[in-house]
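Q: The residues making up each chain are set out below.
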Amino acid sequence: MRMSLYVPGHSPLHRIAARWKLGALVLCGVGVFLTTSVLVLGPAAALAVVLLVSVRAPVEQLSRQLKGPLVILAVVVAVAALTQSVHSSLVVGLRLVVLLLASLSVTLTTRTSELQGVLEVVLRPLERVGLVNASAIALAVSLALRFIPEVFQQFQDIREAQAARGLRGSPLALVVPLVVRSLKSAEDIAAAIDARCYPPTRSGRAGDSDGGGPTDRHSGKVPG
Amino acid sequence: MSVRNRRPMGTRDIVLIALFGAIIVALGLIPPVNIAIVPVPITLQTLGVMLAGAILGPIRGACACALVVLLTALGLPVLAGGRGGLGVFPGPTGGYLVGWIPGAFVTGFLVKTFAMRVKGRVPQLGAYFVSCVVGGLLVVYALGVPWTSVSTGLSMRKALVGALYFAVGDTLKAVVTAAIAYNVRRSYPIEPR
Chain A
1 MRMSLYVPGH
11 SPLHRIAARW
21 KLGALVLCGV
31 GVFLTTSVLV
41 LGPAAALAVV
51 LLVSVRAPVE
61 QLSRQLKGPL
71 VILAVVVAVA
81 ALTQSVHSSL
91 VVGLRLVVLL
101 LASLSVTLTT
111 RTSELQGVLE
121 VVLRPLERVG
131 LVNASAIALA
141 VSLALRFIPE
151 VFQQFQDIRE
161 AQAARGLRGS
171 PLALVVPLVV
181 RSLKSAEDIA
191 AAIDARCYPP
201 TRSGRAGDSD
211 GGGPTDRHSG
221 KVPG
Chain B
1 MSVRNRRPMG
11 TRDIVLIALF
21 GAIIVALGLI
31 PPVNIAIVPV
41 PITLQTLGVM
51 LAGAILGPIR
61 GACACALVVL
71 LTALGLPVLA
81 GGRGGLGVFP
91 GPTGGYLVGW
101 IPGAFVTGFL
111 VKTFAMRVKG
121 RVPQLGAYFV
131 SCVVGGLLVV
141 YALGVPWTSV
151 STGLSMRKAL
161 VGALYFAVGD
171 TLKAVVTAAI
181 AYNVRRSYPI
191 EPR
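In order, the protein sequences belong to chains A and B.
Start counting the first sequence at 1; every next residue gets the next number (the UniProt record's numbering).
Start counting the second sequence at 1; every next residue gets the next number (the UniProt record's numbering).
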């Protein structure tokens with residue numbers, strides 16, 4: 001399973017620092033709700049399309065990300081056109097196109113580790129007042145990334161075992177063992193992490209989670 | 001009791017949060033099941049949200065959901081159907097995603113303060129169900145519906161009608177979650193937080 005939506009490349013968007021891209025995205029998000037002029041939103045939507053095309057992402061990935069939202073978008077625009085006016089349906093449709101495509105472009109061109117870096121900067125003031133613990137969040141993120149394939153594997157093991165007992169398709173027979181196994185293994189994993197003195201007191205960057213990540217060393221396999 | 005709850009998050013809490021985050025993601029990975037009575041395909045992801053609150057308690061449950069929201073924002077395809085990225089948030093369904101966090105909190109809070117004190121098998125199952133409906137449906141929809149309305153410019157009433165279409169499936173999921181939470185609590189109880 002490919003874990004990140006990041007598409008490697010050398011487009012202009014790839015070269016811009018993550019904090020500028022995110023800042024621009026926030027401004028763009030506020031901006032499209034401040035105007036109802038099609039003359040502003042139309043070119044903005046065109047620009048968003050150009051941005052997305054400039055990323056040169058595989059078509060298959062684009063369609064997977066856009067299929068669902070575009071169906072909803074079509075329904076929304078149709079309902080707005082029927083019940084309100086054509087103008088307002090255009091405004092709504094263009095707004096959503098701008099936001100969806102612009103944020104997808106940022107997602108496709110920014111590494112998870114870069115976004116994590118921005119997140120750390122954003123969290124720093126909150127950490128200073130003691131509201132959050134950045135190293136705990138980094139640990140949780142990297143652990144979750146490590147656990148997802150593991151949990152999915154366990155899920156399929158349980159499904160096969162239950163199917164062999166004739167319990168095909170019963171969510172109760174699937175999820176109860178999955179959760180109990182997870183609760184049991186949490187004890188062991190926590191002990192393993194504590195034994196390795198993780199997270200370290202400072203400089204606890206989780207590193208690049210696109211690849212295997214440092215958690216492979218720390219957490220090991222989920223015992224089950 | 002309340003003094004013990006004040007202790008800071010330990011490694012085990014972080015591991016549990018990460019595990020439940022992973023369970024929510026994994027439940028989105030499995031292909032949608034068709035429950036016989038309704039023709040709506042149902043993904044089990046929101047089941048994981050209610051479950052996180054019901055099993056882990058309000059704080060850790062909300063943290064597990066916040067973790068999934070964070071993974072989504074970091075551009076990982078963790079939502080049902082392999083969706084993810086920042087584009088989810090301004091979209092019409094963004095409010096439901098963000099609503100998971102208070103939804104799991106309220107579910108966990110109700111389970112902890114109300115459902116776990118009910119005696120008897122059937123009344124307790126019912127109390128779990130009520131907790132899941134209030135947290136997993138009412139709270140999540142309370143954020144999701146206005147968000148859809150703002151994002152799409154539809155009136156609140158129309159956004160609500162759209163939401164009710166999914167409410168049938170979500171109610172069924174609340175039934176299943178109640179049964180799962182009840183069974184898990186009996187076979188492997190952990191203290192709720």
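It is possible that some hints are incorrect.
Said to hold, decoys possible - Facing chain B, from chain A, some residues (calculated, C-beta under 10 Å):
#, residue
1, His10
2, Ser11
3, Leu13
4, His14
5, Ser54
6, Val55
7, Val86
8, Ser88
9, Phe155
Said to hold, decoys possible - Covered, in the sense of this in silico footprint (three residues per stretch, anywhere, with C-beta under 8 Å from a C-beta of chain B), are these stretches of chain A:
#, region
10, 39 to 50
11, 103 to 116
12, 123 to 131
13, 135 to 141
14, 160 to 168
15, 175 to 182
Hints listed in this document are in silico derivations from the structure and should not be mistaken for laboratory results.
All residues carry an ideal CB built from backbone N, CA and C; glycine is no exception.
Q: Compare the structure with each hint and give your call.
A: Status of each hint after checking the structure:
For His10(A), the interface hint is violated, since its Cβ never comes within 10 Å of a Cβ in chain B; the closest pair sits about 18 Å apart. For Ser11(A), the shortest C-beta to C-beta distance to chain B is roughly 16 Å, which exceeds 10 Å, and the interface hint is violated. Evaluation of the Leu13(A) hint against chain B yields a violated restraint, the C-beta minimum of about 13 Å exceeding 10 Å. Because the smallest distance between the Cβ of His14(A) and any Cβ of chain B comes to about 13 Å, over 10 Å, the interface hint for this residue is violated.
Against a cut-off of 10 Å between C-beta atoms, the interface hint on Ser54(A) is violated, since the closest Cβ of chain B lies about 16 Å away. At a threshold of 10 Å, the smallest CB-CB gap from Val55(A) to chain B is about 12 Å, leaving the interface hint violated. Given the 10 Å rule on beta carbons, the hint for Val86(A) is violated: about 13 Å separates it from the nearest Cβ of chain B. Contact between Ser88(A) and chain B, as hinted, is supported at the beta carbon level, the nearest pair being about 6 Å apart and thus within 10 Å.
Interface restraint check for Phe155(A): the shortest CB-CB distance to chain B comes to about 6 Å, inside 10 Å, so the restraint holds. Against chain B, the region 39 to 50 of chain A contributes 0 residues with a C-beta closer than 8 Å to a partner C-beta. That does not satisfy the three-residue criterion, and the hint is violated. Evaluation of the coverage hint for the region 103 to 116 of chain A: fulfilled, as 9 residues show C-beta separations to chain B shorter than 8 Å, against a requirement of three. For the region 123 to 131 of chain A, the stated coverage by chain B is violated: 0 residues have a C-beta nearer than 8 Å to a C-beta of that chain, whereas at least 3 were required.
A stretch counts as covered by a chain when three or more of its residues have a beta carbon under 8 Å from one of that chain; for the region 135 to 141 of chain A and chain B the count is 5, and the coverage holds. Residue count for the region 160 to 168 of chain A with a Cβ under 8 Å from a Cβ of chain B: 0. That is fewer than the three needed, and the coverage hint is violated. Counting residues of the region 175 to 182 of chain A whose C-beta lies closer than 8 Å to any C-beta of chain B gives 6; at least three are required, and the coverage claim holds.
Going through the hint list in order, the structure does not satisfy hints 1, 2, 3, 4, 5, 6, 7, 10, 12 and 14.
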